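Trainee: Okay, here's what each chain looks like letter by letter:
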Amino acid sequence: MPEQTLLQLEELLRRMGSVEVTEDVTHKYALRRALLNSTRFERNRFRLVWMRFFTYSTTLVAGGAIVAVLVVSVMSFELPDMRRSAPGPSAGSSVRIAPIQLVDMGAREGQSVIERPGLSPEAEPFVSRSTSVQFASFELRPEVRHVLEFAQPSISFAVAR
Amino acid sequence: MEEEVTLIEQAKTDPEAFGRLYDRYYQPVFGFLVSRTRNAEVAKDLCSETFFQALKNIPRYESRGRPFKSWLFAIAVAQVGNHYRSRKRWLSVTIDEAPELVANEDYRPDVSALADEDDLGLRGQLDRLRPLLSQLNQKQQNILTMRYFSDLSIPEISTATSMKEGTIKSHIHRALKKLHVLMSPSLPAEERESIKTYARTDAVTT
Numbered sequence: 001m002p003e004q005t006l007l008q009l010e011e012l013l014r015r016m017g018s019v020e021v022t023e024d025v026t027h028k029y030a031l032r033r034a035l036l037n038s039t040r041f042e043r044n045r046f047r048l049v050w051m052r053f054f055t056y057s058t059t060l061v062a063g064g065a066i067v068a069v070l071v072v073s074v075m076s077f078e079l080p081d082m083r084r085s086a087p088g089p090s091a092g093s094s095v096r097i098a099p100i101q102l103v104d105m106g107a108r109e110g111q112s113v114i115e116r117p118g119l120s121p122e123a124e125p126f127v128s129r130s131t132s133v134q135f136a137s138f139e140l141r142p143e144v145r146h147v148l149e150f151a152q153p154s155i156s157f158a159v160a161r
Numbered sequence: 162m163e164e165e166v167t168l169i170e171q172a173k174t175d176p177e178a179f180g181r182l183y184d185r186y187y188q189p190v191f192g193f194l195v196s197r198t199r200n201a202e203v204a205k206d207l208c209s210e211t212f213f214q215a216l217k218n219i220p221r222y223e224s225r226g227r228p229f230k231s232w233l234f235a236i237a238v239a240q241v242g243n244h245y246r247s248r249k250r251w252l253s254v255t256i257d258e259a260p261e262l263v264a265n266e267d268y269r270p271d272v273s274a275l276a277d278e279d280d281l282g283l284r285g286q287l288d289r290l291r292p293l294l295s296q297l298n299q300k301q302q303n304i305l306t307m308r309y310f311s312d313l314s315i316p317e318i319s320t321a322t323s324m325k326e327g328t329i330k331s332h333i334h335r336a337l338k339k340l341h342v343l344m345s346p347s348l349p350a351e352e353r354e355s356i357k358t359y360a361r362t363d364a365v366t367t
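Protein sequences appear in the order of chains B and S. Going by my numbering, the residue at position 149 of the first sequence is 149; the numbering climbs one at a time, nothing skipped. Going by my numbering, the residue at position 191 of the second sequence is 352; the numbering climbs one at a time, nothing skipped.
No lab work stands behind these hints: they were computed from the structure. Values in this document were obtained by computation on a predicted structure and should not be read as measured data. Mixed in with the good hints there might be a few duds.
What the hints assert, rightly or not - Simulated crosslink set (DSS-like; lysine-lysine; CA at most 25 Å straight-line):
| id | chain 1 | residue 1 | chain 2 | residue 2 |
| --- | --- | --- | --- | --- |
| 1 | S | 230 | S | 249 |
| 2 | B | 28 | S | 338 |
| 3 | B | 28 | S | 230 |
| 4 | S | 173 | B | 28 |
| 5 | S | 300 | S | 339 |
| 6 | S | 330 | S | 300 |
| 7 | S | 230 | S | 339 |
| 8 | S | 173 | S | 217 |
| 9 | S | 173 | S | 300 |
This is chain S alone, in the form it adopts within the complex (with noise of 0.2 Å):
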């Protein structure tokens, strides 16, 4: 932790410096804007952005106990919104018009590393779950993302989101409940339904 407040300190107008901070944050944070946007080119213009907003800000960056990873998830959480955001103006094309974007597995990783294994269930209850996570809010989506994905402790996520503990919490477990409902076979279709609705109107307000 010394030894990272050093390196920011130093970076603030080392290139070098600024260049170790870059090696060690580069993977976690593609990682997540992959994870949330589920398109290479996508997530890597918005890693790009990521750190040029870092390289910009990082001036003003004072540590306050504040883990560094959570100031950057922060910028990476705001550029997905941008993201998305921007995207309601994007013309939307249907899985039949472009199958070979489909086909393209190299960056779901998730389905390219099951591929060769046996577990058929698992790969199932993936292959379901996926569709699903989408159908949370963006919030959610974020926080579960951070959670699950990228290894991120509550506390980080609670920095890099400005919410509090408890409510980071709460929205970890309302997702994952959500989660289970849509998952869940033996609810009635109605129930399910509503459920959809529910969650696509919460998605697109959120």
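The following block holds chain B by itself, in its conformation from the complex (with noise of 0.2 Å):
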């Protein structure tokens, strides 16, 4: 094959090849963030590790700010049940206190229920002279001696009559 042939061909070559290839300047620019976030760069690993423990982290905080919501919630409904079952002087547990004169508002000041005229004798077996007074709870399930004590005097007055 003759050389100048051959320098022709190449030439033709050259020129096919000589014009610039129009880039695409979006793939270009893609490709060029994608390549440069690659976890493969351990700057980038380390900010995706940090990245994935905020985006967990923050939904366990938000989850158990709601959680912790309603359990305060359900807390805030059942307090006074639980006041009101606070452990106190029971039935049949006897406290001693001073001496109390009990005034309503149809007595004259200074006299008491017990000496205010006009009381009814089938009261005076309910009318505690002592100076002890007996706290009974009724929400806790009373025993049954306690039922029966707490009752006799009306059992008595109801056998009387």
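With the hints in hand, could you dock these two chains into one complex?
Mentor: This is how it looks when you write it as structure tokens:
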């Protein structure tokens, strides 16, 4: 093959390849961004770990806050009940208190209910003259003996009639 | 050269340094891939794959007097090889079925650039030469594209293809000879047909 023909062909090929290929700018920069943000770089990997941590911890914190609000609201509904059933003097236990005078609206000042004139004699057994007062809690399930003990005056009154 | 070696060392850990390398070599690699595939979309895919492979393997890259450009082109050549191997499974579409693809000359810059020129003779020669290039085998197409389209030197091509320089020169010579024979109008039709058949078989097997 003559040398000149070879040169001509080479020239043709060079001519064909000499024209700049139009690059796609969008593709170029999209690929650049993807490459530079790749997790193959230690820096990006570190950032990714933190990003993941914050993503998950944000969800956890938000979820925890919701749970906390729910628990607090449920507790606030239960609290009054718990207060009522709080430990205190129960049936059968007696507390010594200082002598008191029960005063009602109809009684004169300084006159006790017990001394009030016109008090029904039937009510006499129900008026405690003792200085000790018995408390009974009906929220706790009472024992049978406590019920009987408490109800004894009423039973006696009913039997007497 | 010294500056490039430093840049490559930095690029192993620093994204900005890798970005500078990318900016330097995007255009030659993309140009090579467009010339080899003659399809911009495929070239974009292969270009992305080439740079992702480069990013993946750059920590293992050692210069040893081997130009980075050759290393990158070796990856691009491998991607082109993968593409042509996988293309055997593609469904072929004839020109009649998709005339709009043939009419689109955006990614045939040689044709687009010559469209304004009066050099119809040159355009005619290029039009004849272009389809003949695809009748060369893959190896020869790669070498010619790197040599004349991407302006790589013989040693650079030798490094990129892992062939001896003498083998590269021989491939170029044989490819040009084949092109000349295929282009020559004076050649008897029988002989041309036999060369074409040989070239096709060669292109498939290589």
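Trainee: For residue 173 (chain S) and residue 300 (chain S), compute the direct alpha-carbon distance and say whether it is at most 25 Å.
Mentor: violated, 31 Å
Trainee: Need the status of pair residue 28 (chain B), residue 338 (chain S): alpha-carbon distance at most 25 Å?
Mentor: violated, 37 Å
Trainee: Sort out whether residue 300 (chain S) lies within 25 Å of residue 330 (chain S), counting only the CA atoms.
Mentor: holds, 12 Å
Trainee: Can you confirm whether the C-alpha distance between residue 173 (chain S) and residue 217 (chain S) stays at or below 25 Å?
Mentor: holds, 9 Å
Trainee: Is the Cα-Cα distance between residue 173 (chain S) and residue 28 (chain B) 25 Å or less?
Mentor: Since the Cα atoms of residue 173 (chain S) and residue 28 (chain B) sit roughly 20 Å apart, the hinted pair holds (cutoff 25 Å).
Trainee: Does residue 339 (chain S) lie within 25 Å of residue 300 (chain S) when you go C-alpha to C-alpha?
Mentor: holds, 14 Å
Trainee: Measure nothing beyond the straight line between the CA atoms of residue 230 (chain S) and residue 249 (chain S); if it is 25 Å or shorter, mark the hint as holding.
Mentor: violated, 29 Å
Trainee: Run the distance test for residue 28 (chain B) versus residue 230 (chain S): straight-line Cα separation, threshold 25 Å.
Mentor: holds, 18 Å
Trainee: Straight-line Cα separation of residue 230 (chain S) and residue 339 (chain S) no greater than 25 Å?
Mentor: Not OK: residue 230 (chain S) and residue 339 (chain S) at ~28 Å, beyond 25 Å, violated.
Hint check: violations occur at hints 1, 2, 7, 9; the rest are consistent with the structure.
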